[in-house]
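*Asks:* Sequence:
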Amino acid sequence: APVKRLAGETALKCVNLDCPAVRRGALIHFASKAGLDIDGLGPKLIAQLLARGLIETPPDLLTLTEDQLVPLERMAQKSAANMINALDRARKAPLAKVIYALGIALVGQTNAAILADHFGTLTALAEAEHDDFLGQDGKPVKFIGDKTIDSILNFFSVDQNKKVARRLADMLDIKTPRRPHPAESPLAGKTVVLTGTLAGLTRDQARDLIERRGGRVTGSVSPNTDLVVAGENPGSKLDKARRLGIRVIDERTFEGLVQTDD
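Residues in the sequence shown are numbered from 4 upward in steps of one, following our numbering.
The set of hints was computed from the structure by calculation and includes no laboratory data.
One or more of the hints may lead you astray.
What the hints assert, rightly or not - The calculated lysine-lysine pairs, modelled on DSBU-like cross-linking and capped at a C-alpha distance of 30 Å, are:
| id | residue 1 | residue 2 |
| --- | --- | --- |
| 1 | Lys-165 | Lys-193 |
| 2 | Lys-7 | Lys-193 |
| 3 | Lys-166 | Lys-16 |
| 4 | Lys-7 | Lys-95 |
| 5 | Lys-47 | Lys-150 |
| 6 | Lys-81 | Lys-95 |
| 7 | Lys-150 | Lys-7 |
| 8 | Lys-7 | Lys-47 |
| 9 | Lys-16 | Lys-36 |
| 10 | Lys-36 | Lys-47 |
| 11 | Lys-240 | Lys-36 |
| 12 | Lys-47 | Lys-16 |
| 13 | Lys-16 | Lys-150 |
| 14 | Lys-36 | Lys-193 |
| 15 | Lys-36 | Lys-165 |
| 16 | Lys-240 | Lys-193 |
| 17 | Lys-47 | Lys-166 |
| 18 | Lys-95 | Lys-47 |
| 19 | Lys-243 | Lys-7 |
| 20 | Lys-47 | Lys-240 |
| 21 | Lys-166 | Lys-150 |
| 22 | Lys-193 | Lys-166 |
| 23 | Lys-243 | Lys-165 |
| 24 | Lys-193 | Lys-16 |
| 25 | Lys-150 | Lys-165 |
| 26 | Lys-150 | Lys-81 |
| 27 | Lys-81 | Lys-47 |
| 28 | Lys-193 | Lys-243 |
| 29 | Lys-95 | Lys-165 |
| 30 | Lys-150 | Lys-36 |
| 31 | Lys-95 | Lys-240 |
As the list claims (entries may be wrong) - Ranges between beta-carbon positions, derived for each pair:
| id | residue 1 | residue 2 | range |
| --- | --- | --- | --- |
| 32 | Gly-148 | Thr-126 | 19 to 25 Å |
| 33 | Asp-21 | Lys-47 | 21 to 27 Å |
| 34 | Val-6 | Asp-229 | 27 to 33 Å |
| 35 | Gly-148 | Ala-202 | 34 to 40 Å |
| 36 | Ala-202 | Ser-160 | 27 to 33 Å |
C-beta: ideal position from N, C-alpha, C; glycine also.
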């Protein structure tokens with residue numbers, strides 16, 4: 004199919020959902036660490052599965068059996084069993100990871116977590132209309148702008164995408180997200196930057212703690228940043244935060260801050 008430049012974007016994209024490259028890219032993203040984190044399911048294995056007609060869409064991955072996997076290149080009985088175990092673990096992924104794994108344009112990890120908290124289920128998101136993204140004040144829920152809403156609605160306006168979401172909702176044991184803490188939380192509405200290495204938390208764990216308390220994590224320091232959490236070897240982000248007069252806390256202070264909400 005011809006490539007197209009979508010409104011407001013500079014990149015040319017293939018919009019044919021049946022394109023082999025698009026299908027392969029969607030599956031690779033779905034299985035990635037930031038997606039459902041399916042250990043061992045990389046691009047080469049996905050290419051084999053596609054070539055043999057064993058999968059087409061993400062839900063197909065969850066129907067694979069050891070007998071189907073064993074004949075594949077570099078896939079013995081033990082490797083096949085490990086892959087089935089990895090797929091079983093993926094069935095219990097948090098809702099935010101499932102939403103991100105779908106690969107909806109403009110829906111990154113932060114927005115996926117917000118959508119998970121707002122809708123509560125994958126089915127509710129897939130069936131949502133524009134007004135469902137609005138809060139009681141009639142404005143879009145925090146950090147979800149009109150372009151993102153339009154992108155989500157366009158994604159689920161495609162029957163194939165909606166069918167994928169429905170199948171995943173039926174097949175996955177999706178963890179119900181814990182609702183954000185009340186507005187009184189010290190992190191509610193705050194924009195936070197993480198820099199350096201945290202000893203007791205991974206970056207994803209720290210992000211999750213912040214987002215579940217109503218905060219937002221961004222990758223760069225700006226005048227709009229409210230707080231910087233600095234671990235070991237923080238680098239230039241710490242220097243910029245100090246120049247801008249932004250509050251900086253260490254890991255111990257951060258842990259105390261989030262524990263006060265529990």
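*Asks:* Compare the structure with each hint and give your call.
*Replies:* Against the structure, the hints:
For the hint pairing Lys-165 with Lys-193, the CA-to-CA distance comes to about 33 Å; that exceeds 30 Å, so the pair is violated. Between the alpha carbons of Lys-7 and Lys-193 the distance comes to roughly 37 Å, so the proposed pair goes past 30 Å and is violated. Distance hint between Lys-166 and Lys-16 is fulfilled; the C-alpha atoms sit about 22 Å from each other, no more than 30 Å. The hinted pair formed by Lys-7 and Lys-95 fails the criterion: a straight-line CA distance of about 36 Å is larger than 30 Å.
With a CA separation close to 34 Å, the supplied pair Lys-47 and Lys-150 exceeds the 30 Å bound. At most 30 Å may separate the alpha-carbon atoms for a hinted pair to count; Lys-81 and Lys-95 meet this at roughly 22 Å. With a CA separation close to 18 Å, the supplied pair Lys-150 and Lys-7 stays within the 30 Å bound. Between Lys-7 and Lys-47 the alpha-carbon distance is near 28 Å, which keeps this suggested pair within the 30 Å criterion.
Distance check on the hinted pair: Lys-16 and Lys-36 sit about 24 Å apart at the alpha-carbon level, within 30 Å; holds. Between the alpha carbons of Lys-36 and Lys-47 the distance comes to roughly 16 Å, so the proposed pair stays at or under 30 Å and holds. Annotation: proposed proximity of Lys-240 to Lys-36 holds, straight-line Cα distance about 25 Å (limit 30 Å). Distance restraint check for Lys-47 and Lys-16: the Cα-Cα separation of roughly 23 Å lies within the 30 Å cut-off, and the hinted pair is therefore satisfied.
Proposed proximity of Lys-16 and Lys-150 is supported: the alpha carbons are some 17 Å apart, at most 30 Å. Between the alpha carbons of Lys-36 and Lys-193 the distance comes to roughly 26 Å, so the proposed pair stays at or under 30 Å and holds. Distance hint between Lys-36 and Lys-165 is fulfilled; the C-alpha atoms sit about 23 Å from each other, no more than 30 Å. With a C-alpha separation of about 17 Å, the suggested pairing of Lys-240 with Lys-193 holds against the 30 Å cut-off.
For the given pair, Lys-47 sits about 26 Å from Lys-166 by alpha-carbon distance, which is consistent with the 30 Å threshold. The straight-line distance between the Cα atoms of Lys-95 and Lys-47 is roughly 25 Å, inside the 30 Å bound, and the hint therefore holds. Restraint check for Lys-243 and Lys-7: the C-alpha separation of about 39 Å exceeds 30 Å, so the hint is violated. Note on Lys-47 and Lys-240: the hinted pairing is violated, with a Cα-Cα distance of about 37 Å set against a maximum of 30 Å.
Of the supplied pair hints, the one linking Lys-166 and Lys-150 holds, its CA atoms being roughly 23 Å apart against a limit of 30 Å. Simply put, Lys-193 and Lys-166 have alpha-carbon atoms about 36 Å apart, too far for the 30 Å limit, and the pair is violated. Annotation: proposed proximity of Lys-243 to Lys-165 is violated, straight-line Cα distance about 44 Å (limit 30 Å). At roughly 34 Å between alpha-carbon atoms, Lys-193 and Lys-16 are farther apart than 30 Å, so this suggested pair is violated.
A C-alpha spacing of about 19 Å is found between Lys-150 and Lys-165, which places the hinted pair at or below 30 Å, so the restraint holds. Of the pairs offered as hints, the one joining Lys-150 and Lys-81 is violated, with about 46 Å between alpha carbons and a cut-off of 30 Å exceeded. Proximity of Lys-81 to Lys-47 is assessed by CA-CA distance (about 18 Å); at most 30 Å being required, the pair is judged to hold. Taken as a hint, the Lys-193 and Lys-243 pair is honoured in the structure, with Cα atoms around 18 Å apart against an allowance of 30 Å.
For the hint linking Lys-95 to Lys-165, the alpha-carbon distance of about 20 Å falls within 30 Å, and the restraint holds. Only pairs whose Cα atoms come within 30 Å are accepted, and Lys-150 paired with Lys-36 is accepted, the gap being roughly 26 Å. Proposed proximity of Lys-95 and Lys-240 is contradicted: the alpha carbons are some 35 Å apart, above 30 Å. Judged by the Cβ atoms, the range 19 to 25 Å given for Gly-148 and Thr-126 holds: they are separated by roughly 24 Å.
Between Asp-21 and Lys-47 the C-beta distance comes to about 22 Å, which sits within the given range of 21 to 27 Å. Checked against the hint of 27 to 33 Å, the C-beta distance between Val-6 and Asp-229 comes to roughly 40 Å, which is inconsistent with it. Against the hinted window of 34 to 40 Å, the Cβ-Cβ separation of Gly-148 and Ala-202 comes to about 35 Å, which satisfies the hint. Taken as a hint, the range 27 to 33 Å is violated for the pair Ala-202 and Ser-160, whose Cβ atoms sit roughly 46 Å apart.
Hint violations for this structure: numbers 1, 2, 4, 5, 19, 20, 22, 23, 24, 26, 31, 34, 36, all remaining hints satisfied.
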